[in-house]
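Could you put together the complete structure from these sequences and hints?
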Amino acid sequence: MENQLSVPGRYDRLEQIAKFIEQAGEAAGLDTVAICRCQLAVDEACTNIIEHGYQGEDRGPIDIECEGGAGELVITIRDRARPFDAQTVPAPQLGDNLEEVQVGGLGVFFMRQVMDAVEFKREDGSNRLVLVKRREPHEPNEAD
Amino acid sequence: MEIATQEYKRVAVMSVTGRVDSATAPELESKLRGLVEADKNQIVLDLKDVEYMSSAGLRAMVSTLKAVKRVNGDLRICSPSPRVEEVLRLAGLTSIFSIHSSQEEAIASF
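Protein chains in written order, with the numbering used here: chain A, 1 to 144; chain B, 1 to 110.
Since the hints were made in silico from the structure, they are not lab data.
Keep in mind that a hint or two might mislead.
Straight-line Cα separation of at most 30 Å, BS3-like style, residue types lysine-lysine; simulated pairs [as the list claims (entries may be wrong)]: (1) Lys40(B) to Lys69(B); (2) Lys19(A) to Lys121(A); (3) Lys31(B) to Lys48(B); (4) Lys9(B) to Lys40(B); (5) Lys48(B) to Lys19(A); (6) Lys31(B) to Lys19(A).
Printed below as a string of structure tokens:
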């Protein structure tokens, strides 16, 4: 399986990215629930790159690499947008009070909730995000 | 993504099919806003055929919910697909939406 995908930073490429992650997840032996969570995390990451990093569509590429094995999938996403500091992303305001709910920042929140490891790094003029998903054998309620 | 809207006497039902991500959520938000601007403030959003939803879809739904609540309307969800259910739960937004198991039940709830 081709384990690298490079696409222009456009929202209409998110579906192609999701299919690429599905294939990589299947090859790594992840179950459907885990693959769906990887797709969500990668979608949110790529959306953030386009919206906040490049600040618009068609302003730079997104490179994705998947490495799988032994029930683990490691997804590395690189972009050449301005430096991204995850610490500066405000946490979403959630809860029961509708007027106070703010869903901005939900992307990073989702990544941290659904992945086993999330690491942001700046190297060689690029942002590098590493997302790791491990197979979870002790989740009988989340079987396919 | 495909959107079909049916307008009844008191309630508008919007059925969404396919992917709701950052590429398609603006269209969903725009169509929902169109209902609100036409004073159709009692809306049922049927999400049973949504195969994928990201935070962009949730943003469209929350923004519409805020708009209709301000004019004493509501946006009620029916039959959310498992993937929609999961993102709503992950975001902790299940309590702000009225969620129904069928379109008929959601319509009758108004």
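Hint-by-hint comparison with the structure:
Our distance criterion of 30 Å between C-alpha atoms is met by Lys40(B) and Lys69(B), whose separation comes to about 12 Å. About 25 Å separates the Cα atoms of Lys19(A) and Lys121(A), which keeps this hinted pair within 30 Å; it holds. With a C-alpha separation of about 18 Å, the suggested pair Lys31(B) and Lys48(B) falls inside the 30 Å cut-off, and the hint holds. Of the pairs offered as hints, the one joining Lys9(B) and Lys40(B) holds, with about 10 Å between alpha carbons and a cut-off of 30 Å not exceeded.
Pair hint Lys48(B) plus Lys19(A) holds up; C-alpha atoms about 21 Å apart against a cutoff of 30 Å. Taking the CA atoms of Lys31(B) and Lys19(A), the gap is about 27 Å. The hint holds against a cut of 30 Å.
In summary, this structure violates none of the numbered hints.
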